[in-house]
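Q: Chain by chain, the residues run as shown.
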Amino acid sequence: MSVVVPTSLADALRAVADDPDAIVLAGGTDLMVEFNEGRRRPSSIVAVHRVPELSTWHHDPVAGTLRIGAGVTYDEIERDPIARWVPALSQAARTVGSPQIRHAATIGGNVGTASPAGDGLPVLAALDAVVELTHERGVRLVPFGDFMVGPKRTVRQPGELITAVTVPVLSGYQGYTKVGVRNAMVIATASVALVVRPGAVAIALGSVGPTIIRCHDAEALVSAHADFEACRVSDDVVHEAAELVRAAARPIDDHRSTAAYRRHAVGVLAARLLRRAFQ
Amino acid sequence: MIYTLHVNGDAREVRDAAVGESLLFVLRERLGLMGSKGACEQGECGSCSVLVDGNLVCGCLVLAAGAVGQEITTIEGVAPEGSPSDVQQAFVDAGAVQCGFCTPGLIMAAHALLERSPSPTELEIREELSGNICRCTGYGRIIDAVQRVAVVRRGDA
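Keeping their order, the protein sequence lines are chains A and B.
Numbering of the first sequence is given in our numbering, commencing with residue 89 and proceeding in unit increments.
Numbering of the second sequence is given in our numbering, commencing with residue 8 and proceeding in unit increments.
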């Protein structure tokens, strides 16, 4: 029975290595709900919200990357300068919970919880983000697409701490959009992230499968037929891409929505983002 | 577990606590501070809003034992009893209180909002208070109360 609150990265890594079964708690906005409802009774917790090294970001203009510490909150990601470097991530951040939630919730927590409905995750998937996992013995870098292996399941090993996420800083259009039962403070019933690079697009879906889904068929179609110079795409290609997105989705019926609605909605959202990107 | 929290400027000892207890639970059930309200226990309603190191958060989503060493401000610490803060007084004057259950959380959120943005637009107020649910007022008078404080603090009134 213990709660450890490390105040340095070294202490945090030691605490996680010493007690590999301890629950790692970041902002608490997911885990505390489970504790409050008695769905989980923790015996030991390592609370990492006061580790200063996790709360920093580093922009490398030469490499064109942004390394975001796992403890950076969605409140900070929503705002400049991160909003300027990764607009889609900022848009996703703005849809996370309420101001109170965003003040506490961290990108590392979002990644570690690995809910298919996690708002930041489709953006990270579309950006080909890299998750940094740190153990006392060393660091390993895992592409986000390999990191999440199921609903709330990741390749993080006992003793490892999620320390950062690294994303590219790009100049093309990028966007995130989602639907839920209302506008404010809602968990996505379907979500889409779109990232446009020179000559290629990336499309990732949230809440419509056990993991975040990249739509390789739709990406190939748009990449082949869009006019990246003139920033144009035909209606036919948008419609066909939306159908390919629907085909890629693997939604389920649950308390939040039906599979049929999710499949429909995710196509609408993808078409909407494509029209915004290529107008 | 035994630990000490800093609440409204006082060091308060917490005894016999379980590992996963929320700050809201500890404030109400162990420290007798009943101002922060508990309703949804999942961060949706905002009635437990408190400041931790000046940051507006839901008390129900803060691990109490993790807040050791941090400065916690609850509605009880906003102003001395009997002399309301400007925000509290504006809520009274504007008629922004009906059943009152959401009021402590909204007062905390309104203080935090005005700290961050001294002259908020109506849209900003609606967005910044979107984490606090009120089922009585329809929000009109709450927005009015926040705007009154902004005007007075700017010295326009």
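Simulated from the structure, these hints should not be mistaken for laboratory data.
Keep in mind that the hints are not guaranteed to be accurate.
Simulated DEER-style distance windows between Cβ atoms [as the list claims (entries may be wrong)]:
id, chain 1, residue 1, chain 2, residue 2, range
1, B, E134, A, V150, 46 to 56 Å
2, A, T144, B, E129, 31 to 41 Å
3, B, A25, A, G287, 49 to 59 Å
4, A, E331, B, A25, 44 to 54 Å
5, A, E331, B, D93, 51 to 61 Å
6, B, A25, A, P246, 20 to 30 Å
7, B, E134, A, H147, 51 to 61 Å
8, B, A25, A, P169, 37 to 47 Å
9, A, V227, B, G39, 17 to 27 Å
10, A, A308, B, A25, 29 to 39 Å
11, B, A25, A, P231, 37 to 47 Å
12, A, D342, B, N62, 44 to 54 Å
Model, not experiment: these values are computed from the prediction.
Note that the Cβ used here is the ideal one computed from N, Cα and C, for glycine as well.
Q: Confirm or reject the claim that E331 (chain A) and A25 (chain B) have a C-beta distance inside 44 to 54 Å.
A: holds (52 Å)
Q: Take the C-beta atom of E134 (chain B) and the C-beta atom of H147 (chain A), compute their distance, and say whether it sits inside 51 to 61 Å.
A: At 27 Å between Cβs, range violated.
Q: Mind checking the hinted window 51 to 61 Å against the Cβ distance between E331 (chain A) and D93 (chain B)?
A: holds (57 Å)
Q: Tell me if the beta carbons of V227 (chain A) and G39 (chain B) are separated by a distance inside 17 to 27 Å.
A: violated (46 Å)
Q: Is it true that D342 (chain A) and N62 (chain B) lie within 44 to 54 Å of each other by Cβ?
A: violated (33 Å)
Q: Determine whether the Cβ-Cβ distance between A25 (chain B) and P231 (chain A) falls within the hinted range of 37 to 47 Å.
A: Given a distance of about 39 Å, which is inside 37 to 47 Å, the answer is holds.
Q: Please test the hint of 37 to 47 Å on the beta carbon pair from A25 (chain B) and P169 (chain A).
A: For P169 (chain A) against A25 (chain B), whose Cβ atoms are near 41 Å apart, the range 37 to 47 Å holds.
Q: Between the beta carbons of A308 (chain A) and A25 (chain B), is the distance compatible with 29 to 39 Å?
A: Violated: the Cβ-Cβ distance is about 53 Å, outside 29 to 39 Å.
Q: Could one say that the CB atoms of T144 (chain A) and E129 (chain B) fall in the range 31 to 41 Å?
A: Since T144 (chain A) and E129 (chain B) have Cβ atoms about 35 Å apart, the given range 31 to 41 Å holds.
Q: Does the beta carbon distance between A25 (chain B) and G287 (chain A) stay inside 49 to 59 Å, or does it fall outside?
A: holds (56 Å)
Q: Holds or violated: 20 to 30 Å for the Cβ distance of A25 (chain B) and P246 (chain A)?
A: holds (24 Å)
Q: Is the hinted range of 46 to 56 Å satisfied by the C-beta distance from E134 (chain B) to V150 (chain A)?
A: Since E134 (chain B) and V150 (chain A) have Cβ atoms about 37 Å apart, the given range 46 to 56 Å is violated.
Violated hints for the displayed structure, listed by number in ascending order: 1, 7, 9, 10, 12.
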